[in-house]
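A.B. asks: Chains as they are written, first to last, in the numbering used here: chain A, 1 to 66; chain B, 1 to 916; chain C, 1 to 133.
What the hints contain is simulated information worked out from the structure, not anything from laboratory work.
Hints are not guaranteed to be accurate.
Pairs of lysine-lysine residues, derived as PhoX-like cross-links and limited to a Cα-Cα distance of at most 25 Å, are as follows [unchecked claim]: (1) B:Lys95 <-> B:Lys333; (2) A:Lys7 <-> B:Lys95; (3) B:Lys776 <-> B:Lys899; (4) B:Lys89 <-> B:Lys443; (5) B:Lys230 <-> B:Lys333; (6) B:Lys286 <-> A:Lys7; (7) B:Lys776 <-> B:Lys745; (8) B:Lys286 <-> B:Lys95; (9) B:Lys95 <-> B:Lys817; (10) B:Lys721 <-> C:Lys27; (11) B:Lys89 <-> B:Lys27; (12) A:Lys7 <-> B:Lys89.
Some chain B residues close to chain A (C-beta under 10 Å, calculated; not the full set) [unchecked claim]: (13) Asp226; (14) Val227; (15) Leu241.
No residue lacks a Cβ here, since even glycine has one placed at the ideal position from N, Cα and C.
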Amino acid sequence: MIGPTLKGQRLVALFLLGCLLFNFPLLALFTGNSRLWGIPLIYCYIFAAWMVIIALMALIIEGRDQ
Amino acid sequence: MLSGALIVVLSFAYVGMLFAIAYYGDKRADAGRSIIANPYIYTLSLAVYCTSWTFYGSVGRAATSGIGFLPIYLGPTLMAALWWYVLLKMIRISKAHRITSIADFIGSRYGKSHVLDGLVTIIAVLGIVPYIALQLKAISASFSTMLRYPNAVAPTASLPFLQDNTFYIAMLLAAFTILFGTRHLDATERHEGLVAVIAFESVVKLVAFLAVGAFVTWGMFDGFDDVFTKAAAVPELNALLVQGGAAGNYTTWASLTVLSMLAIILLPRQFQVSVVENVNERHLNKAIWLFPLYLFAINIFVLPIALGGLMYFPAGSVDADTFVLTLPMAEQKTWLALLAFVGGLSAATGMVIVETIALSTMVCNDLVMPILLRWKFLRLTESPDLSGLLLGIRRSAIVVVLVLGYGYFYLAGEAYALVSIGLISFTAVAQFAPAMLGGLFWKGGTRLGALCGLSAGFLVWLYSLLLPSFAKSGWLPITFLTEGIMGFDLLKPQQLFGLTGLDDISHCLFWSMIANVGCYVGFSLWRQPTAAEHSQANLFVDVFRHVAPGSGSRFWRGSATVADLQTLLGRFIGPERANESFAAYARSQGIPGIEQVSANAVLVHYVESQIAGAIGSASARDMVASVVVEEPLALDEVMAIIDEASQALAYSRQLEQKSRELEAATNELRGANQRLQELDRLKDDFISTVTHELRTPLTSIRAFSEILSDNPQLEPEQRSKFLGIITRESERLTRLINQVLDLAKLESGAADWHPSEVDMREVLEDAAAALSQIYKERSITLDLQIPQQLPLVMADRDRITQVALNLLSNAANFCDKPDSRVSIALFEEAAALRIEIADNGIGISPADQAVIFEKFRQVSDTPAGKPRGSGLGLAISREIIHHFGGRLWVESALGRGSKFSFTLPLPHNSANHLVA
Amino acid sequence: MSAAPSRVLIVEDEESILLSLEFLLGKEGYAVTTARDGAAALREVQARPPDLVLLDVMLPLIDGFELCRLIRENPALRGTRIMLVTARGRETEIARGLALGADAYLTKPFSTRDLMDKVRGLLSGNGAPQSAG
Chain A
1 MIGPTLKGQR LVALFLLGCL LFNFPLLALF TGNSRLWGIP LIYCYIFAAW
51 MVIIALMALI IEGRDQ
Chain B
1 MLSGALIVVL SFAYVGMLFA IAYYGDKRAD AGRSIIANPY IYTLSLAVYC
51 TSWTFYGSVG RAATSGIGFL PIYLGPTLMA ALWWYVLLKM IRISKAHRIT
101 SIADFIGSRY GKSHVLDGLV TIIAVLGIVP YIALQLKAIS ASFSTMLRYP
151 NAVAPTASLP FLQDNTFYIA MLLAAFTILF GTRHLDATER HEGLVAVIAF
201 ESVVKLVAFL AVGAFVTWGM FDGFDDVFTK AAAVPELNAL LVQGGAAGNY
251 TTWASLTVLS MLAIILLPRQ FQVSVVENVN ERHLNKAIWL FPLYLFAINI
301 FVLPIALGGL MYFPAGSVDA DTFVLTLPMA EQKTWLALLA FVGGLSAATG
351 MVIVETIALS TMVCNDLVMP ILLRWKFLRL TESPDLSGLL LGIRRSAIVV
401 VLVLGYGYFY LAGEAYALVS IGLISFTAVA QFAPAMLGGL FWKGGTRLGA
451 LCGLSAGFLV WLYSLLLPSF AKSGWLPITF LTEGIMGFDL LKPQQLFGLT
501 GLDDISHCLF WSMIANVGCY VGFSLWRQPT AAEHSQANLF VDVFRHVAPG
551 SGSRFWRGSA TVADLQTLLG RFIGPERANE SFAAYARSQG IPGIEQVSAN
601 AVLVHYVESQ IAGAIGSASA RDMVASVVVE EPLALDEVMA IIDEASQALA
651 YSRQLEQKSR ELEAATNELR GANQRLQELD RLKDDFISTV THELRTPLTS
701 IRAFSEILSD NPQLEPEQRS KFLGIITRES ERLTRLINQV LDLAKLESGA
751 ADWHPSEVDM REVLEDAAAA LSQIYKERSI TLDLQIPQQL PLVMADRDRI
801 TQVALNLLSN AANFCDKPDS RVSIALFEEA AALRIEIADN GIGISPADQA
851 VIFEKFRQVS DTPAGKPRGS GLGLAISREI IHHFGGRLWV ESALGRGSKF
901 SFTLPLPHNS ANHLVA
Chain C
1 MSAAPSRVLI VEDEESILLS LEFLLGKEGY AVTTARDGAA ALREVQARPP
51 DLVLLDVMLP LIDGFELCRL IRENPALRGT RIMLVTARGR ETEIARGLAL
101 GADAYLTKPF STRDLMDKVR GLLSGNGAPQ SAG
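Please model the complete structure; the sequences and the hints are all you need to start from.
C.D. replies: Structure follows, in structure tokens:
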């Protein structure tokens, strides 16, 4: 678990992906008046992206380290 | 109507339950069966991040800024991905150096500096005490809200006695924290009971919040879409949703994300639970994704509750911060309201407990102790046992922190300074980031850099965020805000150098980080690091490379006595624990006992790290230095060594250690090989001897068989003589084979034993009778002297008889004189029977005595020329006697006869005398 | 060679083996004397040098190898043949015996015919030492 293991690098990449997903300008794409099942798009987007990030974390952590 | 008494009782009962859980957790930890040693409890304890500011405040914030509350939770989620590198490193370093607080960590990183960890402590106290006050305020507010039940809408009249209730709660929390946070001084500063409580509270607040959220979403509305659709119909709410607060100001969004990213690792309470209380660094793995999942869960209903509250209550009639309580109340859901109340209580108390522990540890170790130890007139450095004083300081610090928190709450009340303290606190601890993260990954950071960076960032924070909040609360003239200090426009605290367009937090974060990082990097590069800084930098940054943390990697030259070091340690953690600690050290070093421990750099470092757990690493270094006479190194010498070779040194020490181990292993192997060769030689000897012994009778048998078959005309007399020889030699062969097998069985432990109570008198008489014919033939007198009354022994009767027969026939073989005499005597000793079989024959030379019990080793000459036996009798006899716990030996002198003796132990309860 | 029967000394500490050798050689007409240990054997060879010594290796007091060496060192015993009779069949020991001046060896247990062939060979007219394979 020390050093630049594959897991560690994947997590850093995920961190960068998260920074991208949860910031301007990507956020601005979802701030319109549009809705998904009645729920504002921005709300759907953030929670969905959040869940994806968590799922990827779980996948990276719990998966086998080659 | 809920009675005030019920709510008070409920609150105190809840805190009482926390006591019980903590007590149970501590008891299990003492018994070595930790209930917190798993990644799930670890994750839940991390959720102390979610305070009442989350539980009540998120909804309030959502009611004014839409999704603006989310960065506070997205930041930690992102940081969790980096924990793999950042937090793991912090845990590893802290465990290696017994670091117990974030002040200690930063101070220790930059050459164990008192000034630096003192400064960190002061920033933490200033930044966090108001945050504790906020929690107390939340408890107080939830009390008064609940008391109005079921009337959610009411004037906010604060009742004096309620505030007293909050005071009692605060004092109860102080008692709790003292009880479970300072039970004893432990070098690791881990508190299992407390962690169990924090984890429990995390479950309670999550369940409570989800219950309220589910009730609002599906009980009061028809699901998420219904909430949002109805909200969209209200213009103001629709604006909130679409604009989304954050969408309007991405800078705020980004700076909140960054702030909360830093807060999740730098808040004293987070450092406490994630680093200090960490049981096993593997637990971090699961927490990386479980903790964000917790944050996700506790946030999913925030907007529905906020929107629901805004739609349910007439605009402005109810504080959005109380929606979690007031919505169930308004709907007459008593139990749900009570659950929400307990959830809020758990969010607040959990934070207060952990934060108080963390702050009190810092105040004691990094502020008070260094000062006390420096005051020579107190003569503390000479006091034999400081552990009591330390605990006293720690406990006082807890009370002081809580009283300060309560006092701030009491004075500030509804002031802006209190309400906005959450983010102000975050910004304060964010000042630790450059020194902390830089210290983890950059070796070039120096004490001066860290000191200047922290001071600069802290001053900017003070000037542009804390003081303005005081001004907004009316404690400072508001002109301070509008006109700047002494009328300098450029120094307007929240528009520094004319910077506008940023919110307060982003503004402060920007300028404070510029100042902090700028000073940190600038002053670090100003000069060469000192030796101590360089050595600590290597230890921290390369922690993963130092395989065994603290294993002599420190450069140290000096002398100290083991006794001095032990006494020193005893003064801080008590003599008994010091003794245990030294024993543990000896074990870890593979040294058999404390007496053999030698005072070397490893021991000094060990003692230092143990003391560091009690009083912080900088003070520990001073203390150890007081008993260790360190030989000063010339500065250029140090620089040369440390610059070029500090790692090489660590490696070469490890290499030396390894080569010593290798040498030891080689020696061991060589020894084992020699033993094997010896065994092999013995086996060869044995086989060759057995072969020889077998061939001798075979030779006679074959020779006489051939003689008989080649000479049919032999006289009958001669014929029968030869046949007799063949028979005798065959018997001898059989006997020999049997004995070899017998001995092999005895030696391998595969022999069958039939132990029973044996009367030795009977055995000896039987053996004498069996050999009486031979004795008579050789005219040897045999006399027995056996007492009438004898205890029984546990033995195998046949085997013991075998021994007796063997010794008696040996005795007969030794006899050469006409008046030969063999005597058997039996003595009862304290714990054994001793049997002696003595003859007056030729005796055995000392050289022979040494070997006759070995296989095939016989007395070289007996009257009969060659010994008659196989050479295995005594070896077998000795095996048998040993099996029953006895001894078999010989005393003899050449020409004076021999005496063979053996003992057989008596059973412990030898009351069963046989009456003959 | 005289017509007198060859004199054979048997050195053996095992009574029954001694008896069998005594019987076999006596029956063949040799003049047999016996010794039960190395010291007695030495006295015997010095007193009346035999033509052949049947020598057991494992003997009390003086062992067979030592006796063999002593006989070979004595010029008066140059005509004495030595046959080692050993229960240890190891080649190193056989080689050691031959190096010390033994003329033949026999491994126990032996065939009586083998024994007699070798004895006859060693005592045959020319008196040249024979090594029996």
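A.B. asks: Does each hint hold? Answer for all of them.
C.D. replies: So, going through the hints one by one against the coordinates:
no.: 1; hint: B:Lys95 <-> B:Lys333; result: violated, 48 Å
no.: 2; hint: A:Lys7 <-> B:Lys95; result: holds, 23 Å
no.: 3; hint: B:Lys776 <-> B:Lys899; result: holds, 21 Å
no.: 4; hint: B:Lys89 <-> B:Lys443; result: holds, 14 Å
no.: 5; hint: B:Lys230 <-> B:Lys333; result: holds, 23 Å
no.: 6; hint: B:Lys286 <-> A:Lys7; result: holds, 13 Å
no.: 7; hint: B:Lys776 <-> B:Lys745; result: violated, 34 Å
no.: 8; hint: B:Lys286 <-> B:Lys95; result: holds, 20 Å
no.: 9; hint: B:Lys95 <-> B:Lys817; result: violated, 83 Å
no.: 10; hint: B:Lys721 <-> C:Lys27; result: holds, 17 Å
no.: 11; hint: B:Lys89 <-> B:Lys27; result: violated, 30 Å
no.: 12; hint: A:Lys7 <-> B:Lys89; result: holds, 15 Å
no.: 13; hint: Asp226; result: holds, 7 Å
no.: 14; hint: Val227; result: holds, 9 Å
no.: 15; hint: Leu241; result: holds, 5 Å
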